[in-house]
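Asker: Could you build the full structure based on these sequences and the hints that come with them?
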Amino acid sequence: MGAATETFYSVIRRQGITRRSFHKFCSLTATSLGLGPLAASRIANALETKPRVPVIWMHGLECTCCSESFIRSAHPLVKDAVLSMISLDYDDTIMAAAGHQAEAILEETRAKHKGQYILAVEGNPPLNEGGMFCIDGGKPFVEKLKMMAEDAMAIIAWGACASWGCVQAAKPNPTQATPIDKVITGKPIIKVPGCPPIAEVMTGVVTFITTFGKLPELDRQGRPKMFYSQRIHDKCYRRPHFDAGQFVEEWDDEAARKGYCLYKMGCKGPTTYNACSTVRWNGGVSFPIQSGHGCIGCSEDGFWDKGSFYDRLTNIKQFGIEKNADQIGMVAAGAVGAAVAAHAAVTAVKRLASKREDADHNS
Amino acid sequence: MMDAVAPASESRPDLAAIAADASGERAVGRPTVYVYEAPVRICHWVNAFSILVLMVTGYFIGSPLPTVAGEASDHFIMGYIRFAHFAAGQVLAVFFLTRILWAFVGNHHSRQIFYIPVHRKQFWKEVLHEIRWYAFLEREPKMYVGHNPLAQTAMFTGFTLFVAFMIVTGFALYSEGMGIDSWQHKLFGWVFAIWPNSQDVHTWHHLGMWALVVFVIVHIYAAIREDIMSRQSIISSMVSGERQFRD
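Chains as they are written, first to last, in the working numbering: chain A, -3 to 359; chain B, 22 to 268.
Derived from the structure by calculation, the hints contain no laboratory data.
Just so you know, these numbers come straight off a predicted model, no measurement behind them.
Cβ coordinates follow ideal geometry from the N, Cα and C atoms, glycine included.
Be a bit skeptical, because a hint or two may be false.
Claimed, not checked - Listed next, the in silico EDC-like pairs over lysine to aspartate or glutamate satisfying Cα-Cα at most 16 Å (straight line): (1) A:K110 - A:E146; (2) B:K207 - A:D215; (3) A:K20 - A:E44; (4) A:K351 - B:E161; (5) A:K346 - B:E159; (6) B:K163 - B:E147; (7) A:K167 - A:D301; (8) A:K221 - B:D248; (9) A:K135 - A:E125; (10) A:K135 - A:E99; (11) A:K346 - B:E161; (12) A:K254 - B:E92; (13) A:K142 - A:D132; (14) A:K254 - A:D230; (15) A:K260 - A:E250; (16) A:K135 - A:D88; (17) A:K142 - A:E103; (18) B:K163 - B:D248; (19) A:K346 - B:E247; (20) B:K146 - B:E159; (21) A:K46 - A:E2.
As the list claims (entries may be wrong) - Pair ranges (Cβ atoms, derived): (22) A:Q172 - B:P87: 41 to 51 Å; (23) B:F104 - A:K20: 49 to 59 Å; (24) A:L348 - B:F104: 41 to 51 Å; (25) A:L348 - B:K146: 49 to 59 Å.
Answerer: Below is the structure:
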């Protein structure tokens, strides 16, 4: 680390591929893409000269589940992502360097690759008490984050922590943990939410940036459209049971064994934007709903504060009580109904009384 | 500006003519005013029916019916319920928009439910009078051709604002299924900037349904009560368009 930036070509050569094979690969790629005769040499030139994108991976208040997920990526393999596609210059969890040596890399990258490196942030900074709830390298993490963000090309907010705040920002949030986009402004931020995000989604985002040299298209909330534009519900393999009206009513009932829809068990698939039902987990083996448990909505904003994972209707806490919309609504409608009935009764009595009065007057 | 709260007796005093027919039986000609134009009445009943369908189907989307047995391909219960909900929602949206457009071309009564004349002292005085009337503190009700000031306030908040809220959140939720390239998402996707987790939008949409239930209870009760107590037609006015004063 710290050496001159490697190009893709040098990485390819380091892995034992001859120059002849490299050129064969370039011409084959150009031909199969249907490009002109000059394209092969252009591809070769690009691979020989284009530096790998330097990445600084920082950890704030987090649980490292994003890293744990990332290292299990199957397509592409994480070793290819880390060792060949990007130049992972700093990641305190998996790097060999430590102490001052490690911290020096930050300064070096900042100076050498000003405006060219990607800042990947796992976790978020706590702002309470001057940020002292997360000290990293002798400084509050928020300072380190702001410093490195200043010269970054773009920032990747890994996971629900960096994107939304996650469990450390759940009520009452004593450390005032704050998502990245509330601390850093004026830099493009890609949110890759999830607790953790899917490994292939993480490497997919990295691959896109290194391949095209630009950020993927983002949705309104700053998430890459290619992975977060549909809900779990939209592509769920249990969706036919939802449309048919076939639901699991209890965890051990016949419907659960038959694999019916988990909507009534509080599955958050209908409100959760993620790629779980298509990409799935652990190399496409399974995902929560396939394993018989509802989605808990871990890639959504404030999913810890929306009441039980097993309720269909969210509890509402705004009124100082924990009730769902139906409970509140029925009480309100009942109260108004009773008030109307009482009002009608009083009206009837009054009317009768005034009629009698009128009658007395007339007689 | 036309006075929206002009008492009827001032506008049509001469209609209270009394005539006798051939057999000497006396017919009472009561003062009648044309209040609700045809488009207003049509919108009223279509919206009422749509809201009824939306409430029932919406409730069953939140709390689905018991599970049905058999093959998934043999049933489409949730599908039909959701279809009815979406269809009724779009009908409501179209007729609500029509109603807004009619406010521009219709008579001044058709504009009543879209604003509250907050700046007029007299208006609030009369709102107070209506509150006192409902609290049994006034012996005689005031008569109005259109909505009374309290009713106007209730219609504006309880109907116009709530229904607009339901249409906006409803289309935002509908856009989730239609995809982010749909016109629904382009027009209403900003709702998710306010509530990034659409679970919150679901919850507010659900609460909005109950707010409308409360409105419907009060609306129907007040209509029946005023029909009897204020000695003017209310319910039949929404069918014929004419308001009759029975004093």
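Asker: Each hint needs a verdict: does it hold in this structure or not?
Answerer: Here is how each hint holds up against the structure:
{"no.": "1", "hint": "A:K110 - A:E146", "result": "holds, 9 Å"}
{"no.": "2", "hint": "B:K207 - A:D215", "result": "holds, 11 Å"}
{"no.": "3", "hint": "A:K20 - A:E44", "result": "holds, 14 Å"}
{"no.": "4", "hint": "A:K351 - B:E161", "result": "holds, 13 Å"}
{"no.": "5", "hint": "A:K346 - B:E159", "result": "holds, 12 Å"}
{"no.": "6", "hint": "B:K163 - B:E147", "result": "holds, 9 Å"}
{"no.": "7", "hint": "A:K167 - A:D301", "result": "holds, 7 Å"}
{"no.": "8", "hint": "A:K221 - B:D248", "result": "violated, 56 Å"}
{"no.": "9", "hint": "A:K135 - A:E125", "result": "holds, 13 Å"}
{"no.": "10", "hint": "A:K135 - A:E99", "result": "holds, 11 Å"}
{"no.": "11", "hint": "A:K346 - B:E161", "result": "holds, 12 Å"}
{"no.": "12", "hint": "A:K254 - B:E92", "result": "holds, 11 Å"}
{"no.": "13", "hint": "A:K142 - A:D132", "result": "holds, 13 Å"}
{"no.": "14", "hint": "A:K254 - A:D230", "result": "violated, 20 Å"}
{"no.": "15", "hint": "A:K260 - A:E250", "result": "holds, 14 Å"}
{"no.": "16", "hint": "A:K135 - A:D88", "result": "holds, 15 Å"}
{"no.": "17", "hint": "A:K142 - A:E103", "result": "holds, 13 Å"}
{"no.": "18", "hint": "B:K163 - B:D248", "result": "holds, 13 Å"}
{"no.": "19", "hint": "A:K346 - B:E247", "result": "holds, 14 Å"}
{"no.": "20", "hint": "B:K146 - B:E159", "result": "holds, 14 Å"}
{"no.": "21", "hint": "A:K46 - A:E2", "result": "holds, 9 Å"}
{"no.": "22", "hint": "A:Q172 - B:P87: 41 to 51 Å", "result": "holds, 46 Å"}
{"no.": "23", "hint": "B:F104 - A:K20: 49 to 59 Å", "result": "holds, 57 Å"}
{"no.": "24", "hint": "A:L348 - B:F104: 41 to 51 Å", "result": "holds, 50 Å"}
{"no.": "25", "hint": "A:L348 - B:K146: 49 to 59 Å", "result": "violated, 30 Å"}
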